[in-house]
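S.K.: Sequence order for the protein chains is X and S. Start counting the first sequence at 1; every next residue gets the next number (the numbering used here). Start counting the second sequence at 1; every next residue gets the next number (the numbering used here).
Treat each hint with caution, since some may be false.
[Stated by the list, open to error] For lysine to any residue, the following SDA-like pairs were computed, each having C-alpha atoms within a straight-line distance of at most 20 angstroms: (1) X:K86 x S:L129; (2) X:K86 x S:S208; (3) X:K133 x S:P134; (4) X:K12 x S:V61; (5) X:K12 x S:K18; (6) S:K18 x S:A2; (7) X:K12 x S:V22; (8) X:K167 x X:E60; (9) X:K167 x S:H128; (10) X:K12 x S:D249; (11) X:K12 x S:D17; (12) X:K12 x S:I62; (13) X:K6 x S:I244; (14) X:K12 x S:D21; (15) X:K167 x S:A124; (16) X:K6 x S:D316; (17) X:K133 x S:S208; (18) X:K129 x S:A69; (19) X:K136 x S:F131; (20) X:K12 x S:P199; (21) X:K167 x S:N23; (22) X:K167 x S:P242; (23) X:K86 x S:H128; (24) X:K86 x S:D249; (25) X:K12 x S:D132; (26) X:K133 x S:D132; (27) S:K18 x X:I11; (28) X:K167 x S:N252; (29) X:K167 x S:P199; (30) X:K129 x S:P134; (31) S:K14 x X:T9; (32) X:K168 x S:I244; (33) X:K12 x S:P64; (34) X:K12 x S:W123; (35) X:K167 x S:R153; (36) S:K18 x X:T10; (37) X:K168 x S:L79; (38) X:K86 x S:Y202.
By construction, these hints were calculated from the structure, which means they are not laboratory data.
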Amino acid sequence: MAETRKPVTTIKTPVAIHYNYSIGAGQSAFMRAIREGRILGVRCPDTGKVYVPPRLTSVETASPMTELVELPDRGVVYTYCIVNIKFYDQVLDIPYAYGYIVLDGADSAIMHLIQECPVEEMRPGMRVKAVWKDPKEWTESLENIRYFKPTGEPDLPIEQIMNEIRKKSYA
Amino acid sequence: MASRCAVIGIGQTKHTDKRLDVNHTGMVREACNRALEDARLSWKEVDALVIGKAPDTIEGVICPELYMAEALGMVGKPLFRVHTAGSVGGTTAIVGAELVRAGVHDKVLVVGWQKQSESDITWALSPHLPFDPPLMAGAGGFFAPHFREYIRRSAAPDHVGIKVAVKDRRHALRNPYAHLHQPKVCFEEIRDTPMLWDPLRYGETCPSSDGACAMVLSSEKYAYHGGTRPAWVHATEMRSEPTIMPGRDEVNPRAGRDCAAALYKQAGITNPRRDFDCAEIYVAFSWFEPMLAETLGFAEPGEGWKLSDSGATSLDEGGDIPWNCSGGVLSSNPIGASGTLRMAEAALQVRGQAGAHQVDGARLALAHALGGASQFFAMWIVGSEKP
């Protein structure tokens, strides 16, 4: 029997999945602290680099990392992006900027929003500090920090800072 | 027994935004049929199958390996699935080549593919994790800070990214299989597209494509089975590095430099710009070209943008080291196939079968695929002569 009608080409099949994400012991300490408005890192015994969030073993040397370090909620912008694209399920209004922020005393950067700063004034080396949500809203999430904003302090030499971090790297 | 490895069959589909006429297996079979025809082999004569596709959430198809063997007439034969994010198509080719070089199999079919139209990749790459702020906005948003850092470091002028995009889209006009064909593409057209992920414009990003690319890799014994000149695999190399490592240099990743150095050592390459006739490099966003030119040793650190700006990488400008003559990832991006396409396009060049995008007399070509957060690197060198 010849089929003369239009072919069925696609059918929509929505997918929704609920995950139980195992946080792991390294992130657990971070989550407990961030719940209380504190930021924790961990120091690598071999390179001295401070990782934030903490993890159990050094990425470079695989050594266990146990020395937790409390970090301030301020740092410096390494690099950033201004997002101007709208996509499905996006919760932020565009344009928004996010940056790699190296907290004072940390060697790894965290990614977060940068606000209260005109886009054209944004720059690497800019000093920023966290703007926290109301403590009543705090949960186990880096979202307890609403965003980072400029402190108004003089810029830091970001290239030198990143080079100093890279010098600590395991050969 | 160990053997040299040759590329004796190459097939790809016409890359496009939606292949509604075929499902995954139909599309993959189309590329494989072409590769087998080129090699003058039947399905039955293939010893093993190596497949590669980017992560399944990207298109909502889970475990395609479950039905690939039957769809490709390979039931009962060895089947391997390779997983290295965007570099997967390159790694898939390398796994196939290693099976041949190790003497395990004589004729291996490798295929990479993606059907991006079946889901929403920007969504798939931008999950809002419950413990992190919802910052990610697709791959462009992830890499844009790296490009900004490259531009800061090298003081590259803004027009270089636009120039690379125009160059690759013009190259695509020579390649009938390329997805994007923009006959009048020019500097102004790209420049005036929206700035999606500052410093990256819409026109400087790769498309979302449906497509597949397959190759038949053989031992020396079958190298001339297809009756045409094979491409000889001179060297293969793969490296990885962590996503998050304090002090990681995202602009010029160590794993990329180490991978190139090891690859060049195998093949006796001392000056890539001089030693290669052309290169197929994973440039999914315009600024990757100058950045990778530095990582891969085609330019000194900070000087990659001058190479792109000079026209050296352009066929149309008569450059001495054309990059992505096929139009590259900037013109076709069926992700899982994009790495395979780099490997296959390099092979087409040294076989003298690249048609309108052929580099005259190409004898040695470099192919490169990149994946994840610039953390997986898969490369090979192919030549017209035996290694």
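S.K.: Are the hints correct? Go through all of them and say.
M.R.: Each hint, compared with the structure:
no., hint, verdict
1, X:K86 x S:L129, "holds, 18 angstroms"
2, X:K86 x S:S208, "holds, 16 angstroms"
3, X:K133 x S:P134, "holds, 15 angstroms"
4, X:K12 x S:V61, "holds, 13 angstroms"
5, X:K12 x S:K18, "holds, 15 angstroms"
6, S:K18 x S:A2, "violated, 42 angstroms"
7, X:K12 x S:V22, "holds, 16 angstroms"
8, X:K167 x X:E60, "holds, 13 angstroms"
9, X:K167 x S:H128, "violated, 34 angstroms"
10, X:K12 x S:D249, "violated, 41 angstroms"
11, X:K12 x S:D17, "holds, 17 angstroms"
12, X:K12 x S:I62, "holds, 15 angstroms"
13, X:K6 x S:I244, "violated, 50 angstroms"
14, X:K12 x S:D21, "holds, 16 angstroms"
15, X:K167 x S:A124, "violated, 36 angstroms"
16, X:K6 x S:D316, "violated, 44 angstroms"
17, X:K133 x S:S208, "violated, 38 angstroms"
18, X:K129 x S:A69, "violated, 55 angstroms"
19, X:K136 x S:F131, "holds, 17 angstroms"
20, X:K12 x S:P199, "violated, 35 angstroms"
21, X:K167 x S:N23, "violated, 51 angstroms"
22, X:K167 x S:P242, "holds, 17 angstroms"
23, X:K86 x S:H128, "holds, 15 angstroms"
24, X:K86 x S:D249, "violated, 29 angstroms"
25, X:K12 x S:D132, "violated, 30 angstroms"
26, X:K133 x S:D132, "holds, 14 angstroms"
27, S:K18 x X:I11, "holds, 14 angstroms"
28, X:K167 x S:N252, "holds, 15 angstroms"
29, X:K167 x S:P199, "violated, 29 angstroms"
30, X:K129 x S:P134, "holds, 19 angstroms"
31, S:K14 x X:T9, "holds, 18 angstroms"
32, X:K168 x S:I244, "holds, 15 angstroms"
33, X:K12 x S:P64, "holds, 18 angstroms"
34, X:K12 x S:W123, "holds, 16 angstroms"
35, X:K167 x S:R153, "holds, 18 angstroms"
36, S:K18 x X:T10, "holds, 11 angstroms"
37, X:K168 x S:L79, "violated, 43 angstroms"
38, X:K86 x S:Y202, "holds, 13 angstroms"
Comparing the model with each earlier hint shows violations of hints 6, 9, 10, 13, 15, 16, 17, 18, 20, 21, 24, 25, 29 and 37; every other hint is respected.
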